[in-house]
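Participant: Sequence:
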Amino acid sequence: MQSPVEMGQEKRCAAVSSSTTGNSVGVVSKKTPPQGDDAPLYRHVLNAQNRLIEQQATLIDRLTGLAPPKNVDRFPYLVLVSIFFVFVLVTFVTFAVLRHVLAPARPPLSATLPVPQVNTRLNGHPVYSKSDWGGAAAGGALPVLRGATLLVIISHSDTDSCFDFDQCVPLLQRIQFRSLKRGHSDIEYNFLVSDRGDIYEGRGWRHENAIRAGSISVCFLGDFNKIKPSGNATDAVKSLIDEGLRSGFVSKTYKLVGENQTSPRRFYSPGINVVNEIVNTCTDVALKKPTDITDILRQKSFKIWSLAFLMVLVVVALSLVFYLPLSLSPNPSSPIIPSSGHSDDLGDGIQIIQRHEWSARDPLNVTKISEPPKIVRIMHTAGFKCNSYQKCATQVLALQGWQVSSQGMPDVAYNYLIGGDGNVYVGRGADVQNEWMPNAIDIVYIGNYLSPYDQLTDKMEKAGRRLIARLRAEGKITQDYVVIAQNQTVNTQSPGENIFKEIIKWPHYDPSIYF
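Oh and the sequence shown: position 484 is 484 in the UniProt record's numbering, straight run, nothing missing.
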């Protein structure tokens, strides 16, 4: 792989060579390499590019994800995710069915609303008995409240609010049914108060409520984390407490507290707007943090956030189904190349992997080679080495994607690439000009072969020599071809010492400088 600096140097060198020699474009002159005292200086110039090459060593690997493989088979992933969602759905349905089956029977509701019978008024607030609003009889014996209570507990129903009798009756019946589902024998509260200030009997004065033994509970109908209690409602509660004091059900030394102060499971009741109304100097009414997860689950806000979180999980899961295979599977659509028997077998398990076998993109344009080149140039990519067909195919595909989309090239830059698996990957092929030296065949080794990094294996070295022999036999290069290194054509460390020391032993190696 060349840096933009090297690309520019190479193009300028080719232009200078053409203008100084009088040859046509693409014909390069030959010079003898420096000898004697000039040799160390020449070596120093070649080594000067080392830092630049090392900085580029991992560029291709970082860009591996830029060009996803084609035709990924998503079916197995869809099946797995579908099974997961079916499992979740079945679990939810089973839970809902069991909850419905095991729930207590809903008390029968009359077809018509009860006729309001106002038998009692407290300071002008009507008081309706349990039978007046059509409440069902208790499902069991209720504990009796003994003596005057020292504790009056204020709650809220955490439901919609209601105003008049016709609105409140259905709501009261739903609250009673909710209490039965929670395992109580009757509606949980002693009294309930509407927004208009009407008072509805629950368990009444003589029985303990379901919140705390030995206390009287009064419930505001509504959700008072959202709304404020009306003046009529708060006045009705005060009148009710005064009636308890007068009749002896409430001690003169009573304390008025919020439901959240009596049970950590009820931290959200009676709502902050009610708390602000019942503060007194005898007790701390600050809302307490929950200690029971079931109370968190009953909060509306928690349910909303949970639903939003589940929707995010669904989106993430679907994204993984479609995009995770693209990033993890190097090239599932391409066949696994066998070690022998391939149509382009070069012997000893060396294959020529055609473009469609590594899922190459079509080139944007091509420029054909007019006559067989004489020069075979060897280089390296300076990236990570690959050791399997799948990984090498991915790196070749990533190289093509980067060079086309980021470097403005019409195709992968090289004629051929050789991977650490010992296979030859067709780039532009022998009939199309490469990117930088149109009168040559560029063969690049995938990896960084600067000392002390990657080493050529015997199979990789054979792949290079046998590819050249095949090209010569097919007339794709001249019979008197020469093999040179990239650093003989431009100031660069490519192909690296570990390749250079091998190719100088190859037939037709030419040590001349082709600047």
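Among the hints, a few may not be true.
Said to hold, decoys possible - Dumping the calculated DSS-like pairs for lysine-lysine here, alpha-carbon to alpha-carbon at most 25 Å:
#1 K181 to K130
#2 K459 to K391
#3 K476 to K462
#4 K459 to K501
#5 K252 to K374
#6 K130 to K238
#7 K255 to K238
#8 K228 to K238
#9 K501 to K462
#10 K374 to K228
#11 K459 to K505
#12 K181 to K374
#13 K252 to K226
#14 K368 to K476
#15 K238 to K226
#16 K238 to K181
#17 K374 to K238
#18 K368 to K391
#19 K255 to K228
#20 K505 to K391
#21 K374 to K391
The hints are simulated quantities; they were obtained by calculation from the structure and are not laboratory data.
Participant: Each hint needs a verdict: does it hold in this structure or not?
Facilitator: Right, here's what the structure says about each hint:
Among the hinted pairs, K181 with K130 is consistent with the structure: their alpha-carbon atoms are about 19 Å apart, no more than 25 Å. For the proposed pair K459 and K391, the alpha carbon gap of about 17 Å is at most 25 Å, so the pair holds. Of the supplied pair hints, the one linking K476 and K462 holds, its CA atoms being roughly 19 Å apart against a limit of 25 Å. Annotation: proposed proximity of K459 to K501 holds, straight-line Cα distance about 16 Å (limit 25 Å).
Among the hinted pairs, K252 with K374 is inconsistent with the structure: their alpha-carbon atoms are about 113 Å apart, more than 25 Å. Between K130 and K238, the direct Cα distance comes to roughly 20 Å. Compliance with the 25 Å bound is thereby established for this hinted pair. Simply put, K255 and K238 have alpha-carbon atoms about 13 Å apart, close enough for the 25 Å limit, and the pair holds. Proximity of K228 to K238 is assessed by CA-CA distance (about 16 Å); at most 25 Å being required, the pair is judged to hold.
With a C-alpha separation of about 14 Å, the suggested pairing of K501 with K462 holds against the 25 Å cut-off. In summary, the hint linking K374 to K228 is not supported, as the alpha carbons are separated by about 92 Å, beyond the 25 Å threshold. Taken as a hint, the K459 and K505 pair is honoured in the structure, with Cα atoms around 16 Å apart against an allowance of 25 Å. About 90 Å separates the Cα atoms of K181 and K374, which puts this hinted pair outside 25 Å; it is violated.
Between K252 and K226 the CA atoms are separated by roughly 32 Å; this puts the pair beyond 25 Å, and the hint is violated. Taking the CA atoms of K368 and K476, the gap is about 12 Å. The hint holds against a cut of 25 Å. Taken as a hint, the K238 and K226 pair is honoured in the structure, with Cα atoms around 22 Å apart against an allowance of 25 Å. Restraint check for K238 and K181: not satisfied, since their Cα atoms lie roughly 30 Å apart, outside the 25 Å limit.
For a cut-off of 25 Å, the pair hint linking K374 to K238 is broken: about 106 Å separates their Cα positions. Annotation: proposed proximity of K368 to K391 is violated, straight-line Cα distance about 30 Å (limit 25 Å). Using a Cα cut-off of 25 Å, the hinted pair K255 and K228 holds, with the two alpha carbons roughly 22 Å apart. The hinted pair formed by K505 and K391 fails the criterion: a straight-line CA distance of about 29 Å is larger than 25 Å.
For a cut-off of 25 Å, the pair hint linking K374 to K391 is broken: about 32 Å separates their Cα positions.
Of the hints listed earlier, those the structure fails to meet are numbers 5, 10, 12, 13, 16, 17, 18, 20 and 21, in rising order.
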